[in-house]
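Chains A and B supply the protein sequences, listed in that same order.
Residues in the first sequence are numbered from 1 upward in steps of one, following my numbering.
Residues in the second sequence are numbered from 1 upward in steps of one, following my numbering.
Worth flagging that the hints you see were computed from the coordinates, not collected in a lab.
Glycine residues also receive a C-beta, built at the ideal position from the N, C-alpha and C atoms.
Careful, some of the hints might be misleading.
[As the list claims (entries may be wrong)] Now the stretches of chain A that chain B is said to cover, found in silico as 3 or more residues with beta-carbon under 8 Å:
1. 12-19
2. 167-173
3. 207-218
4. 301-310
[As the list claims (entries may be wrong)] Across the chosen pairs, the derived CB separations fall in these ranges:
5. B:Glu279 <-> A:Asp297: 55 to 63 Å
6. A:Asn257 <-> B:Glu327: 26 to 34 Å
7. B:Asp96 <-> A:Gly267: 37 to 45 Å
8. A:Gly312 <-> B:Glu288: 58 to 66 Å
9. B:Arg78 <-> A:Gly267: 32 to 40 Å
10. B:Tyr117 <-> A:Asp297: 34 to 42 Å
11. B:Tyr117 <-> A:Gln84: 19 to 27 Å
Each chain, written out:
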Amino acid sequence: MKQLVELKDLKTYFYTEEGVVKAVDGVSFQIERGETLGVVGESGCGKSVTALSILRLIASPPGKIVGGNILFEGEDLLLKSEAQLRDIRGNDIAMIFQEPMTSLNPVYTCGEQIAEAIELHQGLSRRDALDESVDMLRLVGIPLPERRVREYPHQLSGGMRQRVMIAMALSCNPKLLMADEPTTALDVTIQAQILELMKKLKQELGMAIMLITHDLGVIAEMAKRVVVMYAGKVVEEADAVNLFRQPIHPYTEGLLNSIPRLHRPRGRLHVITGQVPNPVNLPPGCSFHPRCPLAEDICRRQEPLLVELGGGRRVSCWVRAGGSRKEVA
Amino acid sequence: MPRRREAVVPEFEPRSDALLEVQELRKWFPVTGGVFGRQVGNVKAVDGVNFFIRPGETLGLVGESGCGKTTTGRVILRLIEPTEGRVYFEGRNVFDLNREEMRRLRRQMQIIFQDPYSSLNPRMTVGDIVGEALEIHGVARGREKGNRVQDLLEVVGLNPQHARRYPHEFSGGQRQRIGVARALALNPKLIICDEPVSALDVSIQSQILNLLEDLQSEFKLTYLFIAHNLSVVKHISDRVGVMYLGQVVELCQSDELFANPLHPYTEALMSAIPLPDPEYRQERIILEGDVPSPMHPPMGCHFHTRCRYVMPICREVEPAFIDVGEEHFAACHLRKTRQKQ
Chain A
1 MKQLVELKDL KTYFYTEEGV VKAVDGVSFQ IERGETLGVV GESGCGKSVT ALSILRLIAS
61 PPGKIVGGNI LFEGEDLLLK SEAQLRDIRG NDIAMIFQEP MTSLNPVYTC GEQIAEAIEL
121 HQGLSRRDAL DESVDMLRLV GIPLPERRVR EYPHQLSGGM RQRVMIAMAL SCNPKLLMAD
181 EPTTALDVTI QAQILELMKK LKQELGMAIM LITHDLGVIA EMAKRVVVMY AGKVVEEADA
241 VNLFRQPIHP YTEGLLNSIP RLHRPRGRLH VITGQVPNPV NLPPGCSFHP RCPLAEDICR
301 RQEPLLVELG GGRRVSCWVR AGGSRKEVA
Chain B
1 MPRRREAVVP EFEPRSDALL EVQELRKWFP VTGGVFGRQV GNVKAVDGVN FFIRPGETLG
61 LVGESGCGKT TTGRVILRLI EPTEGRVYFE GRNVFDLNRE EMRRLRRQMQ IIFQDPYSSL
121 NPRMTVGDIV GEALEIHGVA RGREKGNRVQ DLLEVVGLNP QHARRYPHEF SGGQRQRIGV
181 ARALALNPKL IICDEPVSAL DVSIQSQILN LLEDLQSEFK LTYLFIAHNL SVVKHISDRV
241 GVMYLGQVVE LCQSDELFAN PLHPYTEALM SAIPLPDPEY RQERIILEGD VPSPMHPPMG
301 CHFHTRCRYV MPICREVEPA FIDVGEEHFA ACHLRKTRQK Q
């Protein structure tokens with residue numbers, strides 16, 4: 001079995017006072033073993049909720065997974081009991097978050113926090129688990145790990161804390177690491193260190209990475225395949241090289257054109273007009289149509305389907321991809 | 001141990017061609033500790049900054065968190081009082097002005113803040129936010145103020161009818177436009193833009209950058225543009241200064257900086273940026289470790305602890321910030337000319 005994760009038509013809705021927020025609305029994609037998949041989109045596009053849904057960590061109420069399947073090694077995570085899920089979380093699927101300070105517990109030492117996961121999932125004794133956590137800290141490039149293991153999160157810098165988070169996430173040798181904006185809170189020189197570390201660890205440990213970010217530079221650097229999300233849906237999926245060379249969906253194209261480039265002459269920036277739509281009141285038809293320069297009549301009336309264009313590329317756009325040919329499972 | 005510097009910059013006359021000139025600016029924040037709350041040290045947030053901005057120009061200040069770029073902006077406006085140094089605005093030292101003179105000068109110098117959520121008072125309508133300064137400075141009131149506010153909203157691309165709405169009714173990008181309108185209200189000459197697009201999504205960021213450029217040419221504005229994102233700074237700035245641990249380490253024309261970075265920190269910073277092009281592979285200089293604490297900046301060159309070209313002199317003598325040719329300033333013992341060895 002090649003696919004590690006298969007999302008099929010996943011729908012995660014939030015029931016709020018203002019109305020139903022369709023945060024994830026029919027998302028399908030796959031993650032192969034050992035590959036790095038980039039998930040890109042702006043705030044509110046549903047990329048983080050997709051990851052939390054995979055771990056079944058959606059707070060309910062107000063959130064609920066209302067439809068679809070999440071297959072992990074062929075088994076549907078939506079059918080698992082809470083006890084089975086606890087076994088999977090941290091063990092087979094681990095996650096690191098944007099803000100390393102708020103995701104670490106301030107009253108436990110770094111060593112205790114890493115050891116907890118090891119004890120729980122691998123059945124080691126406390127002492128062995130602590131020894132193992134020193135090895136993990138060394139693996140993620142923390143100097144003097146024997147000393148750091150006894151320190152508290154506030155004694156570490158932001159970059160070091162993110163290394164501790166990565167050490168914790170990798171301590172049980174997961175098959176999938178989900179990284180939600182792992183470097184967004186960090187400075188560029190520290191970001192470069194962390195990205196380099198993630199690449200190196202992926203090579204050594206062979207896990208798959210689902211990298212969620214709004215930063216197209218980070219995506220280009222890390223991902224082999226990219227999924228672009230907008231307003232709760234996948235609008236384009238492609239091999240990274242092809243996506244950056246020739247984006248097909250007008251949103252992807254607009255996004256790529258609107259970032260200032262370091263190695264290009266200065267000039268006026270391309271602009272995607274308007275705002276991200278209100279999630280409780282999405283426009284009819286294609287959600288992107290009010291901001292799309294190519295929008296036609298049908299875009300305002302009917303939602304385009306995600307269409308397979310060959311070469312692993314999927315696009316949902318009436319104008320650029322015909323929109324209707326067939327739905328991709 | 002006394003600090004050894006390569007050259008002490010004497011107090012000199014402000015340049016006649018500059019709208020704003022900053023000379024040897026320092027801001028040290030005292031750190032207290034112990035049971036008696038005695039001062040135990042200083043955070044040297046800004047530690048000897050020099051630059052100037054010509055009228056109508058955009059100067060970018062770029063650097064990582066804690067490098068002192070935001071403090072520099074606030075000290076220039078005297079939102080924070082300086083420890084030492086001089087800031088000349090149109091030839092007058094801002095720090096010599098009394099309260100009343102300063103108040104009048106504020107009409108010429110305005111600021112746009114990073115966070116469009118916390119920098120607008122949620123209890124005030126947009127009209128009151130944008131019009132407040134007009135009233136305080138006695139420029140306009142009543143209907144005249146209302147008209148001016150509507151004009152301003154239109155200029156920044158908002159619906160003038162929305163003057164009666166509250167900030168929470170707007171999206172992040174629209175709020176930042178309100179902040180821009182507020183800064184424009186008094187027809188200032190200089191606007192300090194402190195990370196104006198960092199909190200915004202990519203597609204909204206480009207809208208605000210274009211707006212700032214349009215306003216600059218329309219109203220002959222001068223910008224000090226402070227940001228951590230090098231690509232954004234390069235895009236908008238005519239000249240760029242790179243800050244590290246409270247000092248400007250390199251400053252020159254924007255294109256020159258990216259084509260010919262001289263300071264090793266600039267080099268590393270630029271190579272660290274992931275480019276949105278999977279086919280482009282650059283040599284990456286990974287800086288080891290973290291930025292040292294600004295309470296105890298390293299002796300000599302502040303960057304020597306992480307520099308891959310470090311020489312013995314760098315550990316002892318602080319390099320002077322000199323023009324190495326064609327207004328390319330750098331503070332590095334190794335790079336004293338525009339030609340690299």
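task: Verify the coverage statement for the stretch 301-310 of chain A against chain B, using a C-beta to C-beta distance below 8 Å and requiring 3 or more qualifying residues.
output: Coverage by chain B is violated here, the residue count being 0 at a Cβ distance below 8 Å.
- prompt: Counting residues of the stretch 12-19 of chain A that have a beta-carbon nearer than 8 Å to any beta-carbon of chain B, does the count reach 3?
  reply: violated (count 0)
- request: Look at the Cβ atoms of B:Tyr117 and A:Gln84 and judge whether their distance stays inside 19 to 27 Å.
  value: 41 Å, violated
- prompt: Per the hint of 26 to 34 Å, is the separation of the Cβ atoms of A:Asn257 and B:Glu327 within bounds?
  reply: Since the Cβ atoms of A:Asn257 and B:Glu327 sit about 32 Å apart, the hinted range of 26 to 34 Å holds.
message: Given a hint of 55 to 63 Å, does the C-beta separation of B:Glu279 and A:Asp297 actually sit inside it?
response: 38 Å, violated
field: Status of the given 37 to 45 Å range, CB of A:Gly267 versus CB of B:Asp96
entry: At roughly 42 Å between Cβ atoms, A:Gly267 and B:Asp96 fall inside 37 to 45 Å, so the hint holds.
Proximity test - 8 Å, beta-carbon atoms, the stretch 207-218 of chain A to chain B, at least three hits: holds (count 5)
task: Take a look at whether the Cβ-Cβ distance between A:Gly312 and B:Glu288 falls inside 58 to 66 Å.
output: Hint violated: Cβ distance 38 Å, outside 58 to 66 Å.
CB-CB spacing for A:Gly267 and B:Arg78 relative to the 32 to 40 Å hint: Since B:Arg78 and A:Gly267 have Cβ atoms about 36 Å apart, the given range 32 to 40 Å holds.
field: Verdict on chain B covering the stretch 167-173 of chain A, where coverage means 3 or more residues with a C-beta closer than 8 Å
entry: That given contact is violated, which follows from only 0 residues of the stretch 167-173 of chain A lying within Cβ reach (below 8 Å) of chain B.
query: Is it true that the C-beta distance of B:Tyr117 to A:Asp297 lies inside 34 to 42 Å, as the hint says?
result: 38 Å, holds
Taken one by one, the earlier hints fail for this structure at numbers 1, 2, 4, 5, 8 and 11, listed in ascending order.
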